[in-house]
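Using the sequences and the hints, build the whole thing.
There are 2 protein chains.
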Amino acid sequence: MRDTLLSSLQWRYATKSFDREKEIPAEDWAALEEALRLTPSSYGLQPWKFFVIRNQELKDSLVSASYGQGQVAECSHLLVITVKRTLGQDDVDHWIEVIAETRGVTIDSLAFFRNMILGDVVNGPRSVDGLGWAKLQAYIALGNFMTCAALLGIDCCPMEGFVSERYDGLLGLAERGLTTAVVCPTGYRTATDKHALTPKARFGREEVIETIL
Amino acid sequence: MRDTLLSSLQWRYATKSFDREKEIPAEDWAALEEALRLTPSSYGLQPWKFFVIRNQELKDSLVSASYGQGQVAECSHLLVITVKRTLGQDDVDHWIEVIAETRGVTIDSLAFFRNMILGDVVNGPRSVDGLGWAKLQAYIALGNFMTCAALLGIDCCPMEGFVSERYDGLLGLAERGLTTAVVCPTGYRTATDKHALTPKARFGREEVIETIL
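Chains as they are written, first to last, in this note's numbering: chain V, 1 to 213; chain P, 1 to 213.
Just so you know, these hints were derived from the structure itself, not from any lab.
We put the beta carbon where it would ideally sit given N, CA and C, even for glycine.
Hints should not be assumed to be uniformly reliable.
[Claimed, not checked] Okay, the calculated bits of chain P under chain V, using three or more residues with CB under 8 Å as the criterion: (1) 22-32; (2) 50-63; (3) 66-74; (4) 145-153; (5) 163-169; (6) 183-192.
[To be verified] For each label pair, taking beta carbons as the anchor points, the in silico distance ranges come out as: (7) V/E97 - P/D108: 56 to 66 Å; (8) V/E97 - P/E101: 22 to 32 Å; (9) P/Q89 - V/A26: 44 to 54 Å; (10) V/Q56 - P/A111: 28 to 38 Å.
Here you go:
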């Protein structure tokens with residue numbers, strides 16, 4: 001598994017050109033969706049909603065909202081990771097209900113945990129920049145997703161270069177209390193994408209890792 | 001691989017109690033370090049430094065900086081993901097040099113890319129909250145790391161509950177222009193950690209995934 005992991009992470013790259021003819025098989029995409037769903041988040045709050053855009057017209061119209069980056073239209077599945085604009089007591093209560101149901105315990109038995117979340121994310125330190133906090137969680141999902149995709153031999157291109165207001169508008173997110181955090185076209189590289197062949201550039205181990213013995 | 005991925009993500013959980021006697025084998029840890037190093041980031045800028053704390057005295061002293069969470073002291077390897085407090089032209093120039101060297105191209109040939117980064121991260125929109133942006137990248141690393149650890153059968157517990165000023169002080173980060181973004185004790189669960197046995201709670205697929213056909 002060690003070798004598989006590292007060769008997959010070496011193999012992946014920010015794909016500049018997707019093969020329009022190649023579609024991700026349903027079983028692989030279902031696994032990626034499930035991987036997204038299982039992503040860990042702080043307090044388990046999952047302050048996200050994942051949009052999977054397969055509609056070609058919509059993908060085409062999102063290109064100009066992505067500074068002309070064509071991958072958005074070419075890819076097989078366009079993943080748009082959105083987050084809740086604000087987190088309120090309702091969100092926490094809903095989460096507590098899901099935990100109670102999953103574990104077969106009472107809501108009351110989770111009061112301490114509920115108050116801890118409320119006192120941090122809703123009324124406490126994390127609420128100062130609740131949207132920023134939600135986006136951090138979204139990036140855990142992005143990191144998890146990209147690694148899982150690579151392991152399945154599926155290409156993607158994480159993108160911060162987009163106009164969130166335009167994505168939000170085209171997807172009708174604002175009225176649902178959501179906003180776009182990050183975008184990730186997913187599919188398969190073309191045989192001619194020269195970026196696939198350039199050696200991967202990273203800082204050396206000694207520069208980014210420091211061990212304290 | 002699909003089944004391996006999903007069973008690993010199901011198997012993992014935020015470990016509440018680590019076995020102090022169980023050390024992560026060197027080859028596994030080396031793979032996790034390499035996975036961290038290979039983490040994708042926006043513009044490839046890698047605005048991070050990963051600290052691996054193995055020193056028991058230091059781990060012990062970080063418990064109170066983590067609101068008493070004992071995993072910090074019990075774990076085999078304490079991963080502390082730190083980020084640069086500010087990103088300047090020097091950081092961009094260094095990154096451009098590394099790309100040029102890796103790919104065997106001239107610095108001049110990367111001028112367009114260099115200016116794009118400077119006009120966004122150093123002097124443009126991302127510089128408004130440069131630290132917040134750097135932390136987003138750190139969370140990609142966290143997501144990648146947790147998935148890789150799970151695939152290697154290694155436990156971890158991502159933590160936002162710590163006093164960053166105290167971590168920064170104990171690790172001498174401020175004077176190096178770094179600050180703690182997120183912490184992740186890593187090792188092996190104890191046989192008695194009851195949290196390992198509670199069913200994983202997540203929102204249902206229909207709640208977090210929306211497909212637009």
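| query | Which of the numbered hints are not met once you compare them with the structure shown? | reply | 3, 5, 6 and 8
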